[in-house]
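J.: So the sequence lines, in the order shown, correspond to chains A and B.
According to the numbering used here, the first sequence is numbered sequentially starting from 1.
According to the numbering used here, the second sequence is numbered sequentially starting from 1.
Calculated from the structure, these hints are not laboratory results.
Among these hints, one or two may not hold up.
As the list claims (entries may be wrong) - Straight-line alpha carbon distances no greater than 20 Å define the calculated DMTMM-like cross-link-like pairs of lysine to aspartate or glutamate that follow:
no., chain 1, residue 1, chain 2, residue 2
1, A, Lys182, B, Glu79
2, A, Lys171, B, Glu79
3, A, Lys77, A, Glu114
4, A, Lys79, B, Glu79
5, A, Lys128, B, Asp38
6, B, Lys58, A, Glu114
7, A, Lys79, A, Glu131
8, B, Lys59, B, Asp38
9, A, Lys32, B, Glu79
10, A, Lys183, B, Glu61
11, A, Lys92, A, Asp124
12, A, Lys97, A, Glu25
13, B, Lys59, A, Glu114
14, A, Lys183, A, Glu131
15, B, Lys45, B, Glu18
16, A, Lys182, B, Asp269
17, B, Lys78, A, Glu14
As the list claims (entries may be wrong) - Rough simulated footprint, nothing fancy, chain B against chain A, three-plus residues with beta-carbon under 8 Å:
no., segment
18, 11 to 18
19, 22 to 30
20, 58 to 64
21, 78 to 91
22, 112 to 123
23, 165 to 175
Even glycine gets a Cβ: it sits at the ideal position worked out from N, Cα and C.
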Amino acid sequence: MKETKKVTVPADNEIILGVLNGSNEILEKLYKAYFPMVLQLILTNNGNEDEAKDVFQETVIVLYNKVRNGNFELNSKLKTFIYAVSRRIWLKYLGQKNRNSGNIKDVEEIIAVEPDLERHQERDKQFKQMEHALNQLGEPCKTIIEDFYIYHRSMQAICEKFGYTNADNAKNQKYKCLQRLKKYFFQTTIE
Amino acid sequence: MKSEIEFVEQIESYLLGEISPKDRIAFEQRRRDDAAFDQKVVAHKNFLQQLGEYGTRKKLESQMEVIHEQLDISALKKEILPQTPIIKVLWKKYRLNAAVAASVAILMVLATLFTTGYFTKNNATNSKYSALRREIINIKKSQHAIIKNIQGEFTQPADPGHFGGTGFALSENGYVVTNYHVINGADSVFIQDNKGSSYKMKIVYIDPAYDIAVLQVDDSSFKSFGALPYTFKKSASDLGEKVYTIGFPKDDIVYGEGYLSSRSGYAGDTVAYQVSIPVNPGNSGGPLLDNKGNVIGLISGKQTQADGAAFAIKSGNLLKSISAIPQDSLMQKLVLNKKNVLAGLSRRDQIKKMENYIFMVKVY
Numbered sequence: 001m002k003e004t005k006k007v008t009v010p011a012d013n014e015i016i017l018g019v020l021n022g023s024n025e026i027l028e029k030l031y032k033a034y035f036p037m038v039l040q041l042i043l044t045n046n047g048n049e050d051e052a053k054d055v056f057q058e059t060v061i062v063l064y065n066k067v068r069n070g071n072f073e074l075n076s077k078l079k080t081f082i083y084a085v086s087r088r089i090w091l092k093y094l095g096q097k098n099r100n101s102g103n104i105k106d107v108e109e110i111i112a113v114e115p116d117l118e119r120h121q122e123r124d125k126q127f128k129q130m131e132h133a134l135n136q137l138g139e140p141c142k143t144i145i146e147d148f149y150i151y152h153r154s155m156q157a158i159c160e161k162f163g164y165t166n167a168d169n170a171k172n173q174k175y176k177c178l179q180r181l182k183k184y185f186f187q188t189t190i191e
Numbered sequence: 001m002k003s004e005i006e007f008v009e010q011i012e013s014y015l016l017g018e019i020s021p022k023d024r025i026a027f028e029q030r031r032r033d034d035a036a037f038d039q040k041v042v043a044h045k046n047f048l049q050q051l052g053e054y055g056t057r058k059k060l061e062s063q064m065e066v067i068h069e070q071l072d073i074s075a076l077k078k079e080i081l082p083q084t085p086i087i088k089v090l091w092k093k094y095r096l097n098a099a100v101a102a103s104v105a106i107l108m109v110l111a112t113l114f115t116t117g118y119f120t121k122n123n124a125t126n127s128k129y130s131a132l133r134r135e136i137i138n139i140k141k142s143q144h145a146i147i148k149n150i151q152g153e154f155t156q157p158a159d160p161g162h163f164g165g166t167g168f169a170l171s172e173n174g175y176v177v178t179n180y181h182v183i184n185g186a187d188s189v190f191i192q193d194n195k196g197s198s199y200k201m202k203i204v205y206i207d208p209a210y211d212i213a214v215l216q217v218d219d220s221s222f223k224s225f226g227a228l229p230y231t232f233k234k235s236a237s238d239l240g241e242k243v244y245t246i247g248f249p250k251d252d253i254v255y256g257e258g259y260l261s262s263r264s265g266y267a268g269d270t271v272a273y274q275v276s277i278p279v280n281p282g283n284s285g286g287p288l289l290d291n292k293g294n295v296i297g298l299i300s301g302k303q304t305q306a307d308g309a310a311f312a313i314k315s316g317n318l319l320k321s322i323s324a325i326p327q328d329s330l331m332q333k334l335v336l337n338k339k340n341v342l343a344g345l346s347r348r349d350q351i352k353k354m355e356n357y358i359f360m361v362k363v364y
């Protein structure tokens, strides 16, 4: 069969459902359907493809957080939302780089998304703080914490992976790591 | 220390829902009773939630990274930006260079014009106003070349004039008027009438301000031109007046007609009229006549950069200039003709009667 260049755009509610379920397939569809639009926006406004990638991925994160927090009301098309968020992120970036004084050549209509972005910035700050704290933690603490709290692996599996003789030792180690992580997390403030 | 570990473990199993129903009740009871304990639980819960969010985001980012890797970005770019034609791209890229180049070019043009004196007012006037004196020598030379080619030998023309113009009789006793610029710098001046008879002239009076020169026949054999058929108009003529002139732009007499187009001459010069009439080098000094055969002016020049703008010195000024001639410098009395015999005649008859009084002025 001949490969068609045109990417089929999935229905908005299909995407939202997929986001809630954490479906990788939907993420892929979403990415392929809307990345070109953002790429176009960035390229026509003094950006390059790498910057387009960063902007789009940040936009997807904003969308995911909004949907997963349950406060996503689809009062506009998903496309419009994505465009508006990307545009806002890019404007902010341009403002920081002093490359543009706030004028953007629009390729789509826009809606106000400032509240979403404010929430996103707060989250983003915490995310970076956490990333920083985890990096400070060093090994094996980082992996233990990630394995247990993020990948929800059992203590038993962690014991075997790190060669602890008994679960109590592992628990002890995990506790110490967590305390240190908390310390680093609350200490660091990232501008 | 031990209790702290147990406490964390308890919270975690509670949050994960792995706690036994009995312990759960006790735990919840303790949260309600002990505010400090409850706060610790909430803080720990929030922290774990942030850790969880960090994890989700990390996962999402790595997933997107994988998807992004699969995309063909350059193909996408081509698809997205086909509306930017190559010219636009080039323009965007080189517009600064183009601007600089254009400025340099303009500067160069201005500099060249400036150094060649384009902006000097005098030069501008000269280049636009050309006196209609004919440079006969050039013509002679070219004729000469032709003769030489035909005969294969060089024959000096009998008497080559350097410059030529037109003049016409002022009075029957041998006074002729022409332009000052025609005879300016002359060694000797001759006039030649339409039949071919030639007279040596002497310059009696010049008036450079009005560009007028009065000549007199300097030949003992000369008797008289005969009674003049035309008169000189004292008053100014009106716009639109049909006028004609007779002169010698070449070696034969040439007639040209037109109309009076302005009461002032070149650059608002009130000495002259502006006339729309075909004139050429050699017409200088010729009479400008109206329908009735009155001389209303003296052809003096034309504007090179405008169509149909020739200039003629007003007859009023001519008369003023003549009356200013000191009587001492006149050998004979200069009496202007008062009787016009051309008034009722057709143009052809007017010309027939007049042509004997209009001369080619040759300057050596």
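J.: Are the hints correct? Go through all of them and say.
T.: These are the hints, each one checked on the structure:
1. Between the alpha carbons of A/Lys182 and B/Glu79 the distance comes to roughly 48 Å, so the proposed pair goes past 20 Å and is violated.
2. Taking the CA atoms of A/Lys171 and B/Glu79, the gap is near 55 Å; set against the 20 Å cutoff, the hint is violated.
3. Of the supplied pair hints, the one linking A/Lys77 and A/Glu114 holds, its CA atoms being roughly 17 Å apart against a limit of 20 Å.
4. For the proposed pair A/Lys79 and B/Glu79, the alpha carbon gap of about 19 Å is at most 20 Å, so the pair holds.
5. Of the supplied pair hints, the one linking A/Lys128 and B/Asp38 is violated, its CA atoms being roughly 28 Å apart against a limit of 20 Å.
6. At most 20 Å may separate the alpha-carbon atoms for a hinted pair to count; B/Lys58 and A/Glu114 exceed this at roughly 24 Å.
7. As the CA atoms of A/Lys79 and A/Glu131 are separated by approximately 30 Å, the hinted pair breaks the 20 Å bound.
8. Pair hint B/Lys59 plus B/Asp38 does not hold up; C-alpha atoms about 31 Å apart against a cutoff of 20 Å.
9. Between A/Lys32 and B/Glu79, the direct Cα distance comes to roughly 14 Å. Compliance with the 20 Å bound is thereby established for this hinted pair.
10. Taken as a hint, the A/Lys183 and B/Glu61 pair is broken in the structure, with Cα atoms around 26 Å apart against an allowance of 20 Å.
11. Note on A/Lys92 and A/Asp124: the hinted pairing holds, with a Cα-Cα distance of about 14 Å set against a maximum of 20 Å.
12. Annotation: proposed proximity of A/Lys97 to A/Glu25 is violated, straight-line Cα distance about 35 Å (limit 20 Å).
13. Note on B/Lys59 and A/Glu114: the hinted pairing is violated, with a Cα-Cα distance of about 26 Å set against a maximum of 20 Å.
14. Of the supplied pair hints, the one linking A/Lys183 and A/Glu131 holds, its CA atoms being roughly 13 Å apart against a limit of 20 Å.
15. Under the criterion of a C-alpha separation no larger than 20 Å, the hint pairing B/Lys45 with B/Glu18 is consistent with the structure, at around 15 Å.
16. For the proposed pair A/Lys182 and B/Asp269, the alpha carbon gap of about 100 Å is over 20 Å, so the pair is violated.
17. At roughly 29 Å between alpha-carbon atoms, B/Lys78 and A/Glu14 are farther apart than 20 Å, so this suggested pair is violated.
18. Note: the segment 11 to 18 of chain A has 0 residues with beta-carbon separation from chain B under 8 Å; the three-residue rule is not met and the coverage is violated.
19. By the rule of at least three residues with a Cβ nearer than 8 Å to a Cβ of chain B, the coverage given for the segment 22 to 30 of chain A holds, with 3 such residues.
20. Only residues whose beta carbon comes within less than 8 Å of a beta carbon in chain B count, and the segment 58 to 64 of chain A has 3; three or more means the coverage holds.
21. By the rule of at least three residues with a Cβ nearer than 8 Å to a Cβ of chain B, the coverage given for the segment 78 to 91 of chain A is violated, with 0 such residues.
22. Chain B is given as covering the segment 112 to 123 of chain A, and this is violated because 1 residues of the stretch bring a CB closer than 8 Å to a CB of that chain, at least three being needed.
23. Given a C-beta distance limit of less than 8 Å, the hint that chain B covers the segment 165 to 175 of chain A holds, as 3 residues qualify and 3 suffice.
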